[in-house]
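So the protein lines, in turn, are chains A and B.
At the far end of the first sequence sits residue 288, using my numbering, and the numbering has no gaps.
At the far end of the second sequence sits residue 265, using my numbering, and the numbering has no gaps.
Hints are computed from structural coordinates only; laboratory data are not their basis.
Any given hint could be a false lead.
As the list claims (entries may be wrong) - Among chain A residues calculated to face chain B with C-beta under 8 Å, some are:
(1) 142
(2) 248
(3) 251
(4) 252
(5) 255
(6) 259
(7) 262
(8) 263
(9) 273
(10) 277
(11) 278
(12) 281
(13) 283
(14) 285
No experiment lies behind these values; they were computed from the predicted model shown.
Positions of the beta carbon are idealized from the N, C-alpha and C atoms, including for glycine.
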Amino acid sequence: MLESSSEENSPAVAPPLTVEQAIANLKHEDLSLRYYAAWWLGRFRVSEPAAVDALIAALEDEDYRTELGDYPLRRNAARALGKLGDRRAVPGLIRCLDFSDYYVREAAAQSLEMLGDRSAVPALIQLLAGGVAAAQQVPGRPHLTQPYEAVLEALGSLDATEAVPLIQPFLEHPVARVQYAALRAMYQLTQDDAYGQRLVQALENSDVKLRRMALADLGAIGYLPAAEAIARASVENSFKLFALKGLLEHQLDRGKPQLSDTAIQVMNLMDSLL
Amino acid sequence: MTDAQTQELIRAVEQADSPARLVAAVQNLVAAQDEAGISTLIAVLGYNNPTAAVAAVQGLIELGGAAVQPLIEQLDEYNYGARAYAIRALAAIADTRALDLLRIAAATDFAPSVRRAAAKGLGSLRWSQLDASERSLAQAKATETLLSVSQDSDWSIRYAAVVGLQALATTPDLKEQIGAQFEQIAQTEPDTSVRARVNLAQQLLSPYIKTGQ
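Build out the structure end to end from the sequences listed, making use of the hints.
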C-alpha cells in the first residue's frame, strides 16, 4: 500500500457536507450520496460514535450493488472505518473478510491493520488457506483470489508471529507485490535483516512502480539500513521522502527526548530531497 | 568549444531517439558548459526522463548566474515535474533574482514537490548579492512567505518551511521572529517528523537563538 496523498483525492463531484448530513446520507435513497458520504467521513476522520455506528451498519448494505455483484458502499465504509480508529468496527470488518466482493475483503484487511486489533489474526490467517498454490489470478479480473498483499501486511503489523510458517512460502509467490508484502511481514515478525535487504535489492527493479512499492514497504517497516539506498533510488523525491519519514518515525518512537545521530542522518537525507 | 560544436551537441539532445541516447547527449551538453545550451537543458526538464533531468539540473547549476533569467522565463506552467526541477536548480544557484518566483511557488503552486523545493530555496539565497537595505527587505519577504507556508496542511511542506527558516534564522534581524515560530511549532506540531526537524533546527541554531527550555 502506498502512502500518498493522491489516494485521498476527492471524487469529481464534491458537495459540501456537514457531519450530520454525511451520517444521514449513508441512508439516502440516492446511492451515490451514500457512497460519497462514506468516503467523506473517512477522509475527514469523523470519529464520533454516531458516524462509526452508521458506517458499521453500512458494512451490511444490500442496496448498492453493481451488475458484477460488487458492493461499492461496503468498500468505502470498510475503508473509512480503518481511518477512524474505533475498535468497535473490528467484528464487522472481520465478517467482511469472507464476503464475496474481493475489494470489500481487501479494504477490511487494510482497515483491520490500521485498527491494530489482534483479534482479527485468525480470520486473516484463514485467507491464506491453500497457500501459494491457491493464490492465483482470478480469470477476467485484475486481482488474485484473495487480497494477499493486504493480508500479509496486516499480519506483519499485528505481530502475528504464529503466522510465520504460512507467510514464508509467499516470499516465492510469482507476483512481485505479494513477495514484497511477505518480505515486509517477515521482517516485522522476525527482525531478520535478510528480509529487509531483499527489499533494498528491490529498489533496483526495472519497473518504477515496483521500486515505489519497495520504498513504501521499507518506510512502513522503518528499516534503517536502507536509508542511503532509499535516497539514491531512481524514484520521484516525494516517494523517497515518505519512505524516509517512516524510518525517522521508527527512530523517534524509541521515546528518547533528544535526537539520535541516526535520526539526524535520516533528516539530512530528507533535507537533500526537498 | 566552438559555436558549431555546441550546436551539434544541442542537436544530439533534440534528436535523441532512445532514453539512453538522451541521457548521453545531455551529459555531453552539460560537459561543454556552454551558455548557448541553457535553453536546451531547460527543455530537457520536461522530457519525463528523470536521469536526463537530473543531469540537466546539475548542468544548469554549474552554469550558475547565466541560467537564472532563462530558468525564470522558461518556467513550465503546465508540467509540474519540469517545474520542480527548474525550482531545484534555481534554489541551488541561489541567485536573489529568483526571490519573487520562489515565493510564489512556495505559497501557491499546487504541486507539493515544487512547493518543497521553493521553500528550501527561499532560506538559502545568496543575500550578500544585495546591498544592506535591499537585503533586509528581501529577507523579510522570504521570512514572511516561509512563516505562512510553515502552517500548511501538508506535513512535507511544513517540513520544508522549517528547513528554509533554519537557514534564515542565522540572520541577526530575524533570529527572534523565527526562534519564536520554532518554539510555537515545537509545542503545537502534530507530526512527529516535523517536530523532530524543528528540534534539530533549534539545536543547530542554539548559538544564535535561545529556546524557551
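Each hint tested on the structure:
1. The interface hint given for residue 142 of chain A is broken, as the beta carbon of that residue sits about 33 Å from the closest beta carbon of chain B, more than 8 Å.
2. Given hint, residue 248 of chain A at the interface with chain B, holds; its Cβ is 7 Å from that chain's nearest Cβ, closer than 8 Å.
3. Proximity of residue 251 of chain A to chain B holds as hinted, the smallest CB-CB distance being about 6 Å (cut-off 8 Å).
4. The beta carbon of residue 252 of chain A is positioned within 8 Å of a beta carbon in chain B (closest approach about 6 Å), and the interface hint is therefore held.
5. Given hint, residue 255 of chain A at the interface with chain B, holds; its Cβ is 6 Å from that chain's nearest Cβ, closer than 8 Å.
6. Proximity of residue 259 of chain A to chain B holds as hinted, the smallest CB-CB distance being about 5 Å (cut-off 8 Å).
7. For residue 262 of chain A, the suggested interface contact is upheld, since its CB lies about 5 Å from the closest CB of chain B, less than 8 Å.
8. A hinted interface residue such as residue 263 of chain A counts as satisfied when its beta carbon comes closer than 8 Å to some beta carbon of chain B; here the least separation is about 6 Å, so the hint holds.
9. Against a cut-off of 8 Å between C-beta atoms, the interface hint on residue 273 of chain A holds, since the closest Cβ of chain B lies about 6 Å away.
10. With a least beta-carbon distance of about 6 Å to chain B, the hint placing residue 277 of chain A at the interface is held under the 8 Å criterion.
11. Given the 8 Å rule on beta carbons, the hint for residue 278 of chain A holds: about 6 Å separates it from the nearest Cβ of chain B.
12. At about 6 Å, the closest approach between the beta carbon of residue 281 of chain A and any beta carbon in chain B falls short of 8 Å, and the interface hint on this residue holds.
13. For residue 283 of chain A, the interface hint is violated, since its Cβ never comes within 8 Å of a Cβ in chain B; the closest pair sits about 12 Å apart.
14. Interface hint at residue 285 of chain A: satisfied, since its Cβ lies 5 Å from the closest Cβ of chain B, which is below the 8 Å cut-off.
Of the numbered hints listed earlier, those contradicted by the structure are 1 and 13.
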